[in-house]
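Keeping their order, the protein sequence lines are chains A and B.
With the working numbering applied, the first sequence covers 1 to 133.
With the working numbering applied, the second sequence covers 1 to 542.
These aren't lab readings, by the way, just hints derived from the structure by calculation.
Misleading hints may appear alongside valid ones.
Examples of chain A residues lying across from chain B (beta carbon under 10 angstroms, computed) [to be verified]:
1. M30
2. K34
3. V37
4. S39
5. Y40
6. D42
7. F53
8. L54
9. Y64
10. L80
11. Q99
12. A105
Virtual Cβ for every residue (Gly too), placed ideally from N, Cα, C.
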Amino acid sequence: SSQLSSLPLQILLYVNGIYYVFYFLATLAMIIYKSQVFSYPDDLLAPDLAVLFLMAILEVPRLYLGFKGNLTEAEAPLGLSLGLTVGSVVLCVYLLLWQTYVLWADVLLNALLLSAYGLESGLKVTAIAAFVS
Amino acid sequence: ADTRDAAQARVRSAPAPVTDVARLCVCDLLVAQCDVNCCCDPDCSAEDFSLFTACSVPVVTGDSQLCSQKAAVYSLDVEANPPERIFKIIDQVNPSIFCIHATNYEQALYLKSPEIPTPENFDQLLDKFGGATFSTEPDSWNLDTDAQNPPDANETSRYEYGLPVQTEDAFLRLPSPVVSSWCSDANPAGFLVNQATKCIRSVSVEKCDSIQALSMLFYINSSILAVPKSSQMVNITVQSIAVQSLNGMRTLLSSSDVLRLPMVLDEVCINAVLGVNYHITHTDTGEIIEAAAAFVLGAISKEALSIEQSFEISFTQENTQPVALSGNPGYVVGLPVRAGFQPQGYPFLAAFLSNKHSQLTILQSTSTQDCLAAQGARAPVLFGYNMISGCKLRITAAMKCQPLAQTLLDVLKGQSFPEYVASFGNSQAQDVLDWVPITQLHISEQIISHTLQSSCQIPVSLGIEVKWTKYGSLVNPQARIVNVTATITTSTLKQPPSGRERIIPIMSSVVFTDISSPAEPSYKAWPTINIKLPFDFFYPFV
């Protein structure tokens with residue numbers, strides 16, 4: 001077929017966008033809950049919040065570049081999006097393992113996000129390969 | 001040196017916390033002894049366990065918020081014979097989705113270990129925890145702060161009872177003994193708290209002009225703030241100076257505006273402050289308007305190593321006479337009964353004069369027990385305290401009856417026997433109805449054989465009977481004096497034959513009688529159901 005854009009990637013990116021909104025709000029709410037219920041000193045709360053907001057800031061261009069690259073069948077934005085995904089993965093791993101308090105709900109949300117990132121990365125690599133060739 | 005360092009290092013760190021649930025036992029309080037019903041106690045043997053009835057600590061776990069953790073479960077198997085303890089370690093799971101899966105913050109789940117003081121952090125720890133209250137800022141109430149930092153953030157702009165009287169640098173000091181009898185200068189004078197303290201200060205005659213607490217300036221140099229945290233100052237004026245010589249004789253100086261500082265003269269230190277009496281005048285809105293200090297200066301001899309200083313402070317409201325209340329409103333047991341006179345010539349606008357000289361007093365027994373040498377020693381009548389006192393009168397043949405009767409009346413009643421007694425402990429002089437007149441009765445003991453009425457009678461006893469009642473509410477009854485009767489008993493003087501003398505006893509007594517009627521309970525009226533049919537209920541039949 002003449003269409004090189006990857007449909008699964010598109011679906012995944014779209015679902016990722018919606019899921020990320022939920023993920024961001026849920027993680028923020030849980031950090032607020034943890035700061036009230038547990039002892040959460042300010043010098044430990046600040047890095048956790050910074051990581052969460054940094055991830056949100058990274059997510060927007062990442063998803064936009066992913067959409068654009070996939071739809072215009074250009075490998076440059078898709079490659080850039082892949083690079084940003086690596087950064088998001090690192091931040092997601094931080095929130096999964098090195099947060100001050102890791103609740104069971106945190107583990108579930110982050111694991112789901114990580115698997116989405118992993119799947120996305122795989123699909124992006126195949127799409128780039130398809131566009132280049 | 002090596003072992004000492006090791007020992008110091010051991011001391012510097014607190015023992016590591018025990019986190020193994022199998023070894024933690026909260027009920028193990030007695031060392032090397034078995035605690036009763038404590039199933040986790042390692043000092044208990046199987047025989048001890050067989051005597052327990054229940055386990056006081058059934059489960060030992062860490063923080064229950066953790067998703068999965070080890071828990072030590074202790075229980076008693078009462079079915080077995082003899083009963084034995086069952087100890088199990090199980091995995092406790094918290095099913096909540098918000099359970100703590102992992103934590104990277106160690107102190108989250110354990111109590112914080114306190115900082116061990118070392119020479120390096122001692123000062124900082126002392127600043128933080130050394131005061132009466134712990135504060136994170138060094139804003140504590142101590143003498144070294146230059147600025148005034150009152151601890152009460154939402155202070156009103158007036159003095160209230162008990163608040164320390166503030167001066168421009170700290171607070172008005174009333175040196176008083178703390179723990180031991182030595183003077184401590186850190187005792188603040190509380191507003192409206194009349195205090196009198198005595199304490200000992202160590203002195204040396206050589207340095208007496210450099211000891212601050214001996215000089216008048218120390219007590220009057222800082223001005224008092226009229227209201228807390230304001231800039232209105234009230235200077236402390238010198239009301240009077242009395243100079244006490246080495247043998248104890250006091251002379252009041254005529255001019256009190258010259259400041260007399262201590263100095264050494266012929267190996268004696270003169271003008272040292274032996275006593276300060278502060279009089280503070282305030283308005284009824286809690287503002288200080290005047291402050292005066294009366295000094296007693298004395299001399300310290302070379303051998304004296306310490307002197308006793310006495311301090312007093314009293315508060316008076318402006319435009320009122322200072323009157324010590326004996327209760328508010330009911331009399332308090334142990335406080336003097338207030339009494340007074342009605343000034344002559346004012347039958348309607350009757351205000352009573354009540355001061356220290358018109359107190360209700362009775363004769364005070366002296367060691368010599370001689371009525372005529374009684375020297376006027378009198379004891380105040382304290383509410384609720386029945387008192388009896390007396391003296392012996394030695395009658396000789398040469399004594400004349402009339403003067404003797406008058407002298408005895410003075411001995412029994414005192415110089416100014418009051419006419420009225422305050423009904424309540426806080427009766428004001430202007431409230432005429434709050435004062436009870438003293439009823440005076442005369443009873444004469446007649447001896448049957450001498451029936452001549454005209455023979456001279458001398459008073460032999462004075463009995464004051466004070467009838468009081470409980471007034472007010474049942475839960476907080478106030479004592480109120482209802483009736484005071486002073487009974488003088490007289491008897492005929494029997495003169496002894498010349499050369500001999502007779503001794504007769506003279507007695508005075510005060511008795512307080514409670515004549516309160518039993519309390520009447522009063523109940524609220526029963527609620528009535530007010531049902532009335534409307535006017536036209538039976539329309540159209542009516």
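Hint check results:
1. At its closest, the beta carbon of A:M30 sits 7 angstroms from a beta carbon of chain B; the interface hint therefore holds under the 10 angstroms criterion.
2. Because the closest C-beta pair between A:K34 and chain B is about 9 angstroms apart, less than 10 angstroms, the hint holds.
3. The closest approach between the C-beta of A:V37 and any C-beta of chain B is roughly 8 angstroms, which is under the 10 angstroms cut-off, so the hint is satisfied.
4. Proximity of A:S39 to chain B holds as hinted, the smallest CB-CB distance being about 6 angstroms (cut-off 10 angstroms).
5. Using the Cβ-Cβ criterion of 10 angstroms, the hint placing A:Y40 at the interface with chain B is satisfied: the shortest such distance is roughly 8 angstroms.
6. For the restraint placing A:D42 at the interface with chain B, the shortest Cβ-Cβ distance is roughly 12 angstroms, beyond the 10 angstroms limit, so the hint is violated.
7. With its C-beta approaching chain B no nearer than about 19 angstroms, A:F53 sits outside the 10 angstroms limit, and its interface hint is violated.
8. At a threshold of 10 angstroms, the smallest CB-CB gap from A:L54 to chain B is about 18 angstroms, leaving the interface hint violated.
9. Contact between A:Y64 and chain B, as hinted, is not supported at the beta carbon level, the nearest pair being about 33 angstroms apart and thus beyond 10 angstroms.
10. A least Cβ separation of about 32 angstroms between A:L80 and chain B goes past the 10 angstroms threshold, and the interface hint is therefore violated.
11. Because the smallest distance between the Cβ of A:Q99 and any Cβ of chain B comes to about 7 angstroms, under 10 angstroms, the interface hint for this residue holds.
12. Interface hint status for A:A105: upheld, as the beta-carbon distance to the closest one in chain B is roughly 5 angstroms, under 10 angstroms.
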